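There are 4 protein chains.
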Amino acid sequence: MHQPVMTRDDVEAFLEQEFPQLHYGGRTYHIESVGPLSAQLRMDYHERHIRPGGTLSGPSMMALADLAIYVAILAQIGPVALTVTTNLSFNFLRKPGKRALIADCRILKLGRRLAVAEVGIRSEGMSDLVCHATGTYSIPSNAVS
Amino acid sequence: MHQPVMTRDDVEAFLEQEFPQLHYGGRTYHIESVGPLSAQLRMDYHERHIRPGGTLSGPSMMALADLAIYVAILAQIGPVALTVTTNLSFNFLRKPGKRALIADCRILKLGRRLAVAEVGIRSEGMSDLVCHATGTYSIPSNAVS
Amino acid sequence: MHQPVMTRDDVEAFLEQEFPQLHYGGRTYHIESVGPLSAQLRMDYHERHIRPGGTLSGPSMMALADLAIYVAILAQIGPVALTVTTNLSFNFLRKPGKRALIADCRILKLGRRLAVAEVGIRSEGMSDLVCHATGTYSIPSNAVS
Amino acid sequence: MHQPVMTRDDVEAFLEQEFPQLHYGGRTYHIESVGPLSAQLRMDYHERHIRPGGTLSGPSMMALADLAIYVAILAQIGPVALTVTTNLSFNFLRKPGKRALIADCRILKLGRRLAVAEVGIRSEGMSDLVCHATGTYSIPSNAVS
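Same order as they appear, the protein sequences are chains C, H, R and P.
Residues 1 to 145, numbered by this note's numbering, are exactly what the first sequence covers, in order.
Residues 1 to 145, numbered by this note's numbering, are exactly what the second sequence covers, in order.
Residues 1 to 145, numbered by this note's numbering, are exactly what the third sequence covers, in order.
Residues 1 to 145, numbered by this note's numbering, are exactly what the fourth sequence covers, in order.
This is chain C alone, in the form it adopts within the complex:
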């Protein structure tokens, strides 16, 4: 089994330095853990993510999924800021309620040029998925040895 080369704290420190805009408007995205070909993130319930009826916006879930895949890949291959998203696909399954969201990312393939992952998002404390995402990231030529 592939083992990550960065810890949760390593990835967090890297993001703080490279992507301070992640926290624009309030710190709501958190890395819970990273593991072999996986990562878990959390998004706090926050005013700027709300939509009519008290549900959470699609874009806030899309940002969470995108970040979860990025974190999972970074943890495996090390600090490569230039990894870029090439494809993201989302199915919105249920309307999330007024609570934090948990995103579980699993890397399906970690190739030399491309990594593919899936993400399941659910409300904290619940088991049904509210959103399922898959994504492909392009990895710079010199990133993985």
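Just so you know, these hints were derived from the structure itself, not from any lab.
Fair warning: there could be bad hints in the mix.
Examples of chain H residues lying across from chain C (beta carbon under 8 Å, computed) [claimed, not checked]: (1) Q21; (2) D66; (3) F92.
All of these numbers come straight from a predicted model, not from anything done at the bench.
All C-beta atoms, glycine included, are put in the ideal place defined by N, C-alpha and C.
Since chain C is already given, all that's left is putting chains H, R and P on it; use the hints.
Same frame as chain C, now just chains H, R and P:
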């Protein structure tokens, strides 16, 4: 050809009332026009959309595409706040530079229960797409006569 | 947990009657099992699925995933021939070798109007996925009570 | 504007040699034309593509879209058999009737490592799309100079 039932100003007024959170952190998303099975939106270049190297974030483009499809559908079927996104798929093609983005949405199918649309996003004044999206929205049973 | 209303044999008999074209060119698609919100299918290694280098064609995997989702949904809701695919999305992860493929389908949401599922396809006897798919099916109004 | 480096006949001859399995069960897929960043294909109406009610199967349309993108890319970059599909996404919009299908492919990005394209499929002689697809292909390192 299908004709829209709301003008650009109608849709804008509806969004102002129903989705004030769209403008959280600064008003950057604008409706340029609506037409038969189509809509054009604009996203201003703004600090909160930036990523390292001066490019614009994936989530800000995803939010723009989602909104463009919502606006295009609303304009055709009238003010139905409960229309929900069921699927969104994105291909990120090029890194956008430091300028506003223009999103052109075209509805591919406007059914009784589902609407499907595609969106091409490009930097203002340029022709190459930076992002291409397709999306499906579920329409409430009583919305279209 | 949702329980299926058709057995594996029920679904097979239904497909034999309604979709004899599935077996055009030779019987290669088989239902292994159906379960709660799930199904497992198998595609035999066969000359008509081969591509240069001895790998299996993308379209043969796409047909397998589409059928796996259809079987999984049918088993849960009963014999509704008119269920239609509205969206399918595939990530091709590795080139499958010269062996049968196994497709495991899991339904992520079984709603009244839409069902969403994911499928993992791997070579028989292997654990790495060769293809991952997600799909959405529209269910006729009178199908689920 | 990018110009193709292979003619329609060049691509056809290449496919005949490299992918004879395309025609398993009867020759139904045809290249109509190739152009700058584009290609048009045709799929004959044939017994093996039919589904109940006289409509055409999803998998036959998926195979057509996959082939259309492959042909469009080949025509631009030359005979590179190893180009591989990494992602395909389909929206099924309307049920096609008992006629041939026409697929129009447009390449959205032709990069050194990845090409992204969209395909619109319609029944011959009609204008409404029955299926819309987007796809990503990985190009071997030594293919494009």
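Exercise. Do the numbers back the hint for D66 (chain H), that is, is its least Cβ distance to chain C under 8 Å?
Worked result: 6 Å, holds
Exercise. Given Q21 (chain H) was flagged as interface, is its beta-carbon under 8 Å from a beta-carbon of chain C?
Worked result: It holds, given that the least Cβ distance between Q21 (chain H) and chain C is near 6 Å, below 8 Å.
Problem set entry | When the least beta-carbon distance from F92 (chain H) to chain C is tested against 8 Å, hint result | 5 Å, holds
Consistency with the previously given hints is maintained throughout, with no hint failing.
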